[in-house]
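Trainee: Sequence:
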Amino acid sequence: MKQSKNNYAPGFKLLVILVFLIVIGIFVYVMWYNSVSKRANTALLDIVHNLSSNNIGLEWKHIDISGFPFRIEIKLHDIDITYLNYIFNLRNTRVVHHPWNPNHILIISDKILLGTQDNYTNYNEGNLSKYKFNYILIENAKASYSKKNNNIRISIQIEEAIFKLYEELKGMEHVNAYRLETSEIHFLNQSNASDAKLAIKINNLIFPEKSFLNDPINFITLEGNIIDIKKIKLNNFNEWLQTDGGLDIEKLFLNMNKTIIRGNGFLGIDKNYNLIGTFVLNYSGLSRIFENLYEKSIISKTTSKALSIASDATEVLAEFNNKSPEVNLMLQDGFLYMFGIQIIKIADVKNFFDL
Numbered sequence: 023m024k025q026s027k028n029n030y031a032p033g034f035k036l037l038v039i040l041v042f043l044i045v046i047g048i049f050v051y052v053m054w055y056n057s058v059s060k061r062a063n064t065a066l067l068d069i070v071h072n073l074s075s076n077n078i079g080l081e082w083k084h085i086d087i088s089g090f091p092f093r094i095e096i097k098l099h100d101i102d103i104t105y106l107n108y109i110f111n112l113r114n115t116r117v118v119h120h121p122w123n124p125n126h127i128l129i130i131s132d133k134i135l136l137g138t139q140d141n142y143t144n145y146n147e148g149n150l151s152k153y154k155f156n157y158i159l160i161e162n163a164k165a166s167y168s169k170k171n172n173n174i175r176i177s178i179q180i181e182e183a184i185f186k187l188y189e190e191l192k193g194m195e196h197v198n199a200y201r202l203e204t205s206e207i208h209f210l211n212q213s214n215a216s217d218a219k220l221a222i223k224i225n226n227l228i229f230p231e232k233s234f235l236n237d238p239i240n241f242i243t244l245e246g247n248i249i250d251i252k253k254i255k256l257n258n259f260n261e262w263l264q265t266d267g268g269l270d271i272e273k274l275f276l277n278m279n280k281t282i283i284r285g286n287g288f289l290g291i292d293k294n295y296n297l298i299g300t301f302v303l304n305y306s307g308l309s310r311i312f313e314n315l316y317e318k319s320i321i322s323k324t325t326s327k328a329l330s331i332a333s334d335a336t337e338v339l340a341e342f343n344n345k346s347p348e349v350n351l352m353l354q355d356g357f358l359y360m361f362g363i364q365i366i367k368i369a370d371v372k373n374f375f376d377l
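According to my numbering, the stretch in the sequence shown is residues 23 to 377, in order.
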């Protein structure tokens, strides 16, 4: 009897087919991965074009793409983002996402520097402490962006941030450096809502030695809504602030040594770029802040005494009624009022941000 020439081991054909399918699958995945990588690169160029149309510049020295096979990691070297006279410089920034989920992106940056373009050449020299200009330095920042059903969620974590403000008072050089040790910002913009939700958490806000606050703020939390966010136009950001925008603060908590403040309120700006707002605050130990303001010659002895008396009297009355002491705080026409007493003049926003 003649034997068949195709006398293979059982299952051999199935194994060959399986290997063939795996090879084809890998080939298809590699092709698809490369296609997604190219689309990611194209998306970056689209972002540059869209920002440019809003007078925002975005450029980098060179770009590397890696992460195969499970993620796409785009490393951008020395990013510069420019807007008006301001510049953001980001060092060693990585944009990471899974190829099958481009709507969830992680952005990691070792160092972010915010300053003015006039002083940008100084920023690259490394030793920032010797220069006489203002800047914000952020260390180890992570941001997460996700989009689902046209709802956008952004979360930012910062390990440390330093705000350096240089000024010259009475012919004397004076530098203020504020430091945030850790902080979080969470943002949610829902497609069917006119306002966007905002939450901020800050641990250890440390003030300069000569600040009116001798103690660091141990903990700050803020929850609220950015009003009419869909009306924001980057080319006319100040118009939104003055007409439609603002921050509706639903929950505010501040813990500073023996001073605790809780409350809610609203914050915005008026036509003259002055901060405007009203707050209802529950507190304890508020008189310590008034004493510090007087010791730093920010308010007069008469004002400090009037505020302390009003604060202490409110606390006594609240304790008698088994309630938390409450105070109304108001920002109007460039001044801060508390207990109906004008305390200090607040610098307008235009001076800070050159809107």
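Since the hints were derived computationally from the structure, they do not count as laboratory data.
Keep in mind it's a predicted model, so treat the numbers as computed, not measured.
Mixed in with the good hints, there may be bad ones.
In silico SDA-like links for lysine to any residue, alpha-carbon gap of 20 Å or less [stated by the list, open to error]: (1) Lys252 x Asn240; (2) Lys169 x Glu81; (3) Lys327 x Lys345; (4) Lys252 x Asn72; (5) Lys323 x Ser309; (6) Lys327 x Ile298; (7) Lys219 x Ile249; (8) Lys60 x Glu81; (9) Lys367 x Lys280; (10) Lys97 x Asn77; (11) Lys164 x Arg201; (12) Lys223 x Ala163; (13) Lys83 x Val118; (14) Lys170 x Lys223; (15) Lys83 x His99; (16) Lys170 x Trp122; (17) Lys219 x Lys280; (18) Lys97 x Asn156; (19) Lys186 x Asn156; (20) Lys345 x Gly307; (21) Lys280 x Met352; (22) Lys164 x Ser213; (23) Lys169 x His99; (24) Lys273 x Ala163; (25) Lys223 x Asn240; (26) Lys60 x Arg93; (27) Lys60 x His126; (28) Lys60 x Tyr105; (29) Lys164 x Asn111; (30) Lys372 x Gly362; (31) Lys372 x Glu81; (32) Lys97 x Ser59.
Trainee: So if I understand the rule, the pair passes when the alpha-carbon distance is 20 Å or less; does Lys327 with Ile298 pass?
Mentor: Distance of about 25 Å is beyond 20 Å: violated.
Trainee: Run the distance test for Lys372 versus Gly362: straight-line Cα separation, threshold 20 Å.
Mentor: 26 Å, violated
Trainee: Are the Cα atoms of Lys170 and Lys223 separated by 20 Å or less?
Mentor: Judged against 20 Å, a Cα distance of about 24 Å means the pair is violated.
Trainee: If you draw a straight line from the CA of Lys327 to the CA of Lys345, is it 20 Å or shorter?
Mentor: 24 Å, violated
Trainee: Take the C-alpha atoms of Lys60 and Arg93, compute the straight-line distance between them, and say whether it is at most 20 Å.
Mentor: 14 Å, holds
Trainee: Would you mind confirming whether the straight-line C-alpha gap from Lys273 to Ala163 stays at or under 20 Å?
Mentor: 25 Å, violated
Trainee: Checking one constraint from the list: CA of Lys164 to CA of Ser213, max 20 Å. Satisfied?
Mentor: Distance ~25 Å between Lys164 and Ser213 Cα, so the pair is violated.
Trainee: Hint check: Lys97 vs Asn156, CA-CA at most 20 Å. Holds or violated?
Mentor: 28 Å, violated
Trainee: Check whether the Cα positions of Lys97 and Asn77 lie no farther apart than 20 Å.
Mentor: 24 Å, violated
Trainee: Against the 20 Å threshold, does the CA-CA distance of Lys60 and Tyr105 hold or violate the hint?
Mentor: 28 Å, violated
Trainee: Does Gly307 sit within 20 Å of Lys345, going by the straight-line distance between their CA atoms?
Mentor: 15 Å, holds
Trainee: Does the structure keep Lys186 and Asn156 at a Cα separation of 20 Å or less?
Mentor: 5 Å, holds
Of the numbered hints stated above, those contradicted by the structure are hints 1, 2, 3, 6, 9, 10, 14, 17, 18, 21, 22, 23, 24, 28, 30, 31, listed in ascending order.
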